[in-house]
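Visitor: Each chain, letter by letter, is given below.
There are 2 protein chains.
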Amino acid sequence: MQQYFVAVKDLTVGERVQLSQVDSHHFLKVMRAQTKEQVTVVSEAGVSYLAELVAIIEDNAELQIIQLEKVELHSVELPVHVTIACGLSKNDKVETIVQKATECGMAEFMPLSLKRDVVKWIGKKADAKIERLSKIAKGAAEQSHRLIVPQIANLHNLEQLIHQSASFDIKLIAFEENAKSGHHSQLARVFKQLQGHERILVVFGSEGGLELKEVERLEEAGFISCSLGPRILRAETAPIYFLSALSFSLELDKV
Amino acid sequence: MQQYFVAVKDLTVGERVQLSQVDSHHFLKVMRAQTKEQVTVVSEAGVSYLAELVAIIEDNAELQIIQLEKVELHSVELPVHVTIACGLSKNDKVETIVQKATECGMAEFMPLSLKRDVVKWIGKKADAKIERLSKIAKGAAEQSHRLIVPQIANLHNLEQLIHQSASFDIKLIAFEENAKSGHHSQLARVFKQLQGHERILVVFGSEGGLELKEVERLEEAGFISCSLGPRILRAETAPIYFLSALSFSLELDKV
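For the record, the sequence lines run as chains A and B.
In our numbering, each residue's number is its place in the first sequence (first place is 1) plus 5.
In our numbering, each residue's number is its place in the second sequence (first place is 1) plus 5.
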């Protein structure tokens with residue numbers, strides 16, 4: 006069943022709620038929904054409801070809430086809060102990362118301005134990019150039936166990232182030089198110590214990779230550098246590897 | 006350092022070898038290599054050599070082997086042989102799967118003709134697709150510094166797949182209904198029993214998913230259906246999740 010998020014905190018059975026313009030277009034035009042078609046609606050509080058299409062008002066889909074769906078947050082969402090911080094890659098790679106990392110359970114995406122970035126986001130371009138990434142995160146969260154939409158943070162530079170990092174329990178760097186050195190056990194050690202509810206921040210380079218100086222500065226600030234295995238991964242593959250390994254470790258292996 | 010595969014079984018120090026037309030173009034035009042520029046060359050036997058550019062003959066890069074590089078197969082390649090069998094998705098999704106799964110250690114890709122495929126590969130189209138996927142696998146293997154190039158099998162239907170599956174030790178189905186049912190421990194159980202050197206075959210649906218009848222037919226033939234965690238993954242994300250979890254389990258967690 007199709008799922009959409011609505012910008013409402015609480016919903017009650019019988020209440021009517023409208024989908025956003027974008028979601029209405031998707032539900033009515035792309036999915037060709039007819040009156041009485043059922044759909045899952047998730048509130049801002051991450052609560053899931055069964056609803057049905059009752060009216061179309063100025064091209065917007067109006068739904069009526071039928072019942073609460075018993076989907077527990079912990080049965081869909083990762084038990085830890087993961088922020089993926091990435092250098093800026095060209096083309097649609099950042100969009101691919103946001104889409105796939107959302108499917109894989111990311112809680113927040115933070116675009117990072119690093120030395121070897123192949124593109125720059127300046128002024129209005131940054132705002133437009135962040136708005137676009139927010140839409141992609143919402144769409145991907147709906148498609149993968151998540152209960153929360155990952156937040157897209159503003160563009161940070163390295164020092165702003167380090168300042169922000171004080172609010173995280175675990176701070177990691179995915180550093181490709183570690184892929185070559187053969188020291189692969191760090192990530193498994195970190196994952197084994199997780200109790201649940203930790204806030205994890207992971208830094209990935211852009212296509213150009215991280216500079217050694219940036220890695221050293223992050224390590225000084227308490228970040229631990231980790232290998233993601235022995236093969237060199239592309240910028241857009243590394244975050245997916247990380248989240249898949251984390252999901253396997255916490256959701257498949259520990260149950 | 007750039008890496009290229011050459012269609013030669015054995016190489017000796019001092020020997021000269023030419024890159025293929027495609028690789029020559031990449032090395033000379035895209036990377037703008039100059040004479041004496043060093044490069045890694047991998048033979049068909051999966052042996053890695055340091056080489057340098059000594060001549061350009063009719064637009065082809067001629068390299069001279071400088072020395073053997075001590076890269077052990079097991080330090081780069083997954084300890085198990087994984088065949089990823091996928092239904093046919095539209096656009097470039099199959100290409101994305103082949104590229105990313107190559108980075109993540111896949112040994113073979115098998116395109117599958119299933120009931121709910123959104124596209125069909127017929128006659129010459131299938132041949133052209135397979136040739137294109139072979140090129141993508143080679144490029145991705147070079148970029149991720151692998152020692153083998155994943156093979157692209159011919160298009161199989163379900164019964165041909167089942168016939169082929171006799172040569173595999175472990176046969177799995179990634180079935181999204183399992184994502185919803187909350188039974189997530191099967192994959193970890195399978196991974197824990199691996200000794201190394203097993204041949205693993207994993208079936209993924211296309212964007213349209215697998216039909217229940219197809220899953221039942223595969224289960225009759227000894228395939229085990231597995232969950233890839235509680236979130237619904239897109240067709241092109243699921244194989245990457247699988248390979249990342251496998252790599253984490255065998256290469257990061259067991260060392």
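Please note that the accuracy of each hint is not assured.
Chain copies aren't distinguished; within one or between two, either way the pair holds.
[What the hints assert, rightly or not] Here are the simulated lysine to any residue pairs, SDA-like style, with alpha carbons at most 20 Å apart:
1) Lys140 to Ile70
2) Lys95 to Glu42
3) Lys140 to Leu160
4) Lys259 to Glu63
5) Lys140 to Gln69
6) Lys259 to Ser190
7) Lys34 to Glu82
By construction, these hints were calculated from the structure, which means they are not laboratory data.
Visitor: It remains to establish, for every hint, whether it holds in the given structure.
Guide: Cross-check of the supplied hints:
1. For a Cα distance limit of 20 Å, the shortest separation of Lys140 from Ile70 qualifies neither inside one copy, at 24 Å, nor across copies, at 51 Å.
2. Proximity of Lys95 and Glu42 under a CA criterion of 20 Å is satisfied in neither setting, with 40 Å inside one chain copy and 26 Å between copies.
3. With identical chains, the CA atoms of Lys140 and Leu160 are at most 20 Å apart within one copy only, with a shortest distance of 16 Å there and 36 Å across copies.
4. For the homomeric pair Lys259 and Glu63, neither the shortest alpha-carbon distance inside one copy (49 Å) nor that between copies (58 Å) is at most 20 Å.
5. Proximity of Lys140 to Gln69 under the C-alpha cut-off of 20 Å is found in neither arrangement, the shortest distances being 24 Å within a copy and 51 Å between copies.
6. Taking the closest pair of Cα atoms, Lys259 and Ser190 come within 20 Å of each other both inside a single copy (18 Å) and across two copies (8 Å).
7. Proximity of Lys34 to Glu82 under the C-alpha cut-off of 20 Å is found in neither arrangement, the shortest distances being 30 Å within a copy and 46 Å between copies.
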